[in-house]
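Asker: Sequence:
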Amino acid sequence: MKSMCNCTGWPLMAALVASVLATPNLAAAPLTLDEALRLAENNAPTLNAEAARLQAATADAIPAGELPDPKLLLGVQNYPISGPNRGSLNDDSMTSQMVGVVQQVPNRDKRQARVEVAEAAVDRAQAQGRIERLSVRQATAQAWINLYSVARKEALFKDFYQENRLLAETVRAQIAGGRGQPADAVTPKQEAARLEEQQDELTRLRASATAALKRWIGPAAKDSPVGNLPVWPVDALGYSHKLQDHPVLSAFAPMTREAEAKVREAEAEKKSDWSWEVDYQRRSREFGDMVSVQLSFDLPLFPDKRQNPKVAARHAELNQLEAEQEAVTRKHTEELEQDLADYQRLNRAVQRSQASLLPLAREKVELSMASYRAGKGDLMSVIAARRELIDARLKHTDYEEQRALTGARLYFAYGEHHQ
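According to our numbering, the sequence shown is numbered sequentially starting from 49.
Don't take each hint at face value.
Said to hold, decoys possible - Pairs of lysine-lysine, DSS-like flavour, derived with a Cα cap of 30 Å: (1) K318 - K158; (2) K318 - K262; (3) K412 - K237; (4) K262 - K206; (5) K201 - K270; (6) K158 - K319; (7) K443 - K201; (8) K119 - K270; (9) K158 - K424; (10) K206 - K358; (11) K119 - K158; (12) K358 - K119; (13) K206 - K237; (14) K424 - K237; (15) K424 - K412.
No lab work stands behind these hints, which were simulated from the structure alone.
Every value quoted in this text rests on a predicted model; they were computed, and no experiment measured them.
Using the sequences and the hints, build the whole thing.
Answerer: Given below as structure tokens:
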């Protein structure tokens, strides 16, 4: 008897444990927009790459202004290869074994320019990190908004199917009462199939949005989006004044400083570098040891063929950068004006849809259905009105989604860091 209880108890216990462990997987955990943004900043590999870029630039800046490493010289001087002392290191008074040190000293302007180039490179790496952070946050927010909007549409389809079932019941009642055609019984089934086709497209959109979000936050993209669509305040005039603060445009400041420092570095090559050398020369004991000291200087005697072309090249790069900055500024000015216009249009569209289009579409369905039930209207008028309502509800969700996407572009580029 006791063994039978054990035999039945263990499988029951195992089943309970398995059900408890499986419970968290039955429903995905909620995923807010703020949580998605936090996960993106912690998991996006591109941000890790930019952090490594900054670390490398910072490390490169440390030795930028230092002198080159000294050189150790080893050798034999005045080694005889003929005559009576041929092949001897000690018999000739001029022969010596030499050890020395050479230190090259680039001119001061060149070293200072190299320091400025390195410091500007660090600032440029920081700016690129801000650009990538903006890109990651925008992309994450847009993917979350797309996924959230798909979920809202999927919830609408539950209402659509319920309304279709009520329509089917009404049609059957009309046919039974002699106020409808037998062929009308097929129409609700056709409408249900049409809804299924639309829902298939939602399934594709959900997979696409989940894949886009997974790129930034990993497996958490499978969780259910919760909360509300973000509605950020949009300051049209303020954003126009903050155009130059956009991370892409503000990155041109360190890039320009770097290019100008490279010009100064090229110009510094016209000035002479120099080096010093100290040698210790060991000779045979009867001759005595010697020490030599010497200085050497570069002679930039032909700047037209050497230094001037480099200076011209660096100036051309600086001019190129200035032209690119102007082009990017115009591009972002255009995008900002378009986004602001789109946001205002979408805001009006959402308000119009909420205030008039949706209520009118619902009223049209109710009136068409009342006429049909009274035998004064046909079924196709009801179907047409229902389709208009379905399209209006889906379009209202699209308007809110597009407004949120446009608001995200504006907020992260101009609003987030200036509050």
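Asker: Could you run down the list of hints and mark each one as holding or not?
Answerer: Hint-by-hint comparison with the structure:
Proximity of K318 to K158 is assessed by CA-CA distance (about 10 Å); at most 30 Å being required, the pair is judged to hold. Between the alpha carbons of K318 and K262 the distance comes to roughly 55 Å, so the proposed pair goes past 30 Å and is violated. A hinted pair counts as satisfied when its Cα atoms are at most 30 Å apart, and K412 with K237 qualifies at roughly 22 Å. Proposed proximity of K262 and K206 is supported: the alpha carbons are some 27 Å apart, at most 30 Å.
Between K201 and K270 the CA atoms are separated by roughly 17 Å; this keeps the pair inside 30 Å, and the hint holds. The hinted pair formed by K158 and K319 meets the criterion: a straight-line CA distance of about 9 Å does not exceed 30 Å. Between K443 and K201 the alpha-carbon distance is near 10 Å, which keeps this suggested pair within the 30 Å criterion. About 61 Å separates the Cα atoms of K119 and K270, which puts this hinted pair outside 30 Å; it is violated.
For the proposed pair K158 and K424, the alpha carbon gap of about 94 Å is over 30 Å, so the pair is violated. A hinted pair counts as satisfied when its Cα atoms are at most 30 Å apart, and K206 with K358 does not qualify at roughly 70 Å. Pair hint K119 plus K158 holds up; C-alpha atoms about 20 Å apart against a cutoff of 30 Å. Proposed proximity of K358 and K119 is supported: the alpha carbons are some 28 Å apart, at most 30 Å.
In summary, the hint linking K206 to K237 is supported, as the alpha carbons are separated by about 16 Å, within the 30 Å threshold. For the given pair, K424 sits about 23 Å from K237 by alpha-carbon distance, which is consistent with the 30 Å threshold. With a CA separation close to 15 Å, the supplied pair K424 and K412 stays within the 30 Å bound.
In summary, the structure is inconsistent with hints 2, 8, 9, 10 from the numbered list given earlier, while agreeing with the others.
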